[in-house]
Amino acid sequence: MRFYEYESKQILRDAGMPLPKSHFCTTDAEAEQAAADIRGPVVIKSQVLSGGRMKAGGVKFADTPQEARGLAEEILRLRINDLLPVGVLVEEKQDIAQEYYAAVTWDGRAKKPVIIFSDMGGIDIEEVAESHPEHLSRTHFSALRPFSDYIAKQAVADVGVTGNDLNALTRIVAGLARIFIERDMTLAEINPIGKLADGRIIALDCHMDMEQEAQRAHADLLNALGLSADDKRQARPPTQFELDAEHLDGSDPRGVAGNLTEFDGDLGLIIGAGGGSLTLFDAVRAAGGRPANYCEIGGNPSVNKTRNLTKLILSRPNVKKIAVMMNVVSNTRVDIVARGVVKGCIEAGFDPAEKITIFRIPGSWEEEGFAILEKYGIPYVDRSVSMDEAARLAVQNMDK
Amino acid sequence: MAMFIRVDIDPSVQEDMQLCQRLVEVCPVDIFETVGESNVATVEENLDECTLCDLCVNEAPGRVHVVKLYREG
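In order, the protein sequences belong to chains A and B. So the first sequence is numbered by this note's numbering: it starts at 1 and just counts up by one. So the second sequence is numbered by this note's numbering: it starts at 401 and just counts up by one.
Only chain B is shown next, with the shape it has when bound in the complex (with noise of 0.2 Å):
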């Protein structure tokens, strides 16, 4: 169970699916899996490992989003 990070990927995304496959190539821990041939999703086991990169956030602007559950209230 993750406990620092949290990615929340906005449904568009699901929708592109070169975009999906960058997410996956570009995280350096693995966070992102593909699921059946077009969606993108996050793997639970590596939210933690997040090193903060900012590399999918920057393949979909406005789209990914990196939460710092520690810095939440």
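Next comes chain A alone, as it looks inside the complex (with noise of 0.2 Å):
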């Protein structure tokens, strides 16, 4: 779950953090309101979980109550990204020394969390690491063992940075960290942290994203927020296809063909197994693919549902063909996907062997499911051809 800027510094407030004076505002008068009682000049920030605010018009600046209550209605009606905001954030205009970065998040890579830190605050951190690695720092930790400040110490001093600043950065970047652990924090990030002109550092704007699946482990921080602990609160709303996909998905409790995302390229993807949507997503970007959506199967999906799948995804008119990839399987047997798939081609009105770009789903009953692919001429490989190396297949087949 992605938290709005403003929800996210309230988590922070509660862990203690420093901030600016903010408010969140709904209407242009409760801006006014807000700009009057921080006394001087505000900065207004629209809240919408997208990026690029400021390019987009969605944050400005304020002298005086009044005119922060008509920048509030301009931001409020403004769409980013095609969202609106759900409101305005009126925070104290900073005067700003210094700028600097600090996320914590997963390194999948290394099965651990990273600090990542940077004095070059405020602006795209992959930009930063691309060009300017000696002002970032990568800092790995435990999330097994209790967190202690010297980790976020070292990630600070890794920079360069010294002094009251490193103390006061620490307990930042510490604090952070923690609230990553606890809250199962898929993503904590402040970006920029300020230094003040006065010599205070705070924190001036932040994003958060739970993890879905611990959602209910943390209802006492949602219902804080306002917020179920089963929100499904995505960085934007569900389309059609993906809201079409989930009430299939859920109009048959056997297995899982769902948890559908929708991409805008030509080839459809029907994958999953214990990880393996991730990867293949992936493999098939990294082949050069352009995938029209992300979903997810597994848990032996019934026929019904994966033919049901397979017509809703052959139904986009922008995908020309699927492929259908799993992992090994287990439990999910390679003949009942075998079966969901062709007839899913068929009743939409295709020849499944034209249609199915590659079929790699390896394992259990494969040889019955083999049996079915060969007698609808389908191309498909066993577990000797790698995920990566079928994704190649599944790109290479779209001209054939």
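Keep in mind that a hint or two might mislead.
25 Å max Cα-Cα, derived DSS-like pairs, lysine-lysine [what the hints assert, rightly or not]:
#1 Lys400/A with Lys311/A
#2 Lys153/A with Lys112/A
#3 Lys311/A with Lys468/B
#4 Lys112/A with Lys60/A
#5 Lys375/A with Lys468/B
#6 Lys375/A with Lys311/A
Hints listed in this document are in silico derivations from the structure and should not be mistaken for laboratory results.
Got two chains here, separate frames each, mind docking them using the hints?
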């Protein structure tokens, strides 16, 4: 679950982090009152789950409450990446001398959380990593042992920060790391952390994502923010394609054939198995393919469920072909998935031999599955062909 | 319309009311249904869900046959 900035800041505030005064407002009148309460110049920030707010005109500065009201009215009506804001954050404007960046996220390869810290905050961190790697530190730590402040200190000191700034930043970074671990975040980021002209160091903007599976464990935090533990808020509202997939997955309790995310490519994907979906999606892209969707199948979905998912994906006008790929399966049966995709193709009016670029699901009941694929002339490979190679073949066969 | 599986039921099965009931009970994917008071029939839309578990075949050896259409000619 992705949090709005005002929610993320509340989480930081509850953890004792230094922040500017701010008020979340849903009307221009509230924004005027908030600016009056702050008694000074303010920044008005669109509360929308999208990047690029500044460029899109979603962040503006006001010197008076009246000006704040006018700007809030504009921002509340401004769509950013097609999303309307849920409100604006009216915050005291700061005189910033230096900006820093801090984030805690998971490093999938290291299988550990990592602190990323930079003394070049306020800009795209990927750009800093590429152009100024000496200004960025990466510090891994254990998710199992209690977090110690010295790890945060190391992360900050690694880019050359010393003295009082080191101490102040260490407190912020350590607090961020503890929130990340204790609240099961997938990302906790403050960008920028600002060193003010008077020497104070505070969090100016932040972004947090909570692991969806952990939401119920943090019902206290979510309820305090006015959210439900079952809230499925995503970075954008689901498309009709995604809602249809969710409906068909929920209509049959057998296995999973859903969790679909729409993309604008031409290769429909029916993928899954123990992290296989992510691996295969990335592999298709690495091979130059353009996925039309991400999805997850597993837990032995029924023939009917796989058939309906196949038909749904093939109903998209941009989908030229589909690839059916999984890791080696144990509880999902190859023959059941094969029946589902073949049936889905035929019922959608297509020849499965032409529509399926590759079928790569080795494992349980593969002999029966492969017999079905042979009967219908569908190109398939077994476990001797890696997922990477299967993804490459899927992309290569798009033009056949 | 089933594409992959056909289930053949010997006419003699229809004379055994208890057997008909057991076929309905044992199938994990509801391929059998009772028709009237004693007859059993297959549910067309569920045939392709057959898990090839042979529970029905074991209930009526030689009288219920599960045919894999994709293995034929």
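A quick look at each hint next to the structure:
1. Lys400/A with Lys311/A: 21 Å, holds
2. Lys153/A with Lys112/A: Cα-Cα ~18 Å, so holds.
3. Lys311/A with Lys468/B: Measuring from Cα to Cα gives roughly 23 Å; hence the hint holds.
4. Lys112/A with Lys60/A: Cα-Cα ~38 Å, so violated.
5. Lys375/A with Lys468/B: Between Lys375/A and Lys468/B the Cα gap is close to 12 Å, so the pair holds against 25 Å.
6. Lys375/A with Lys311/A: 20 Å, holds
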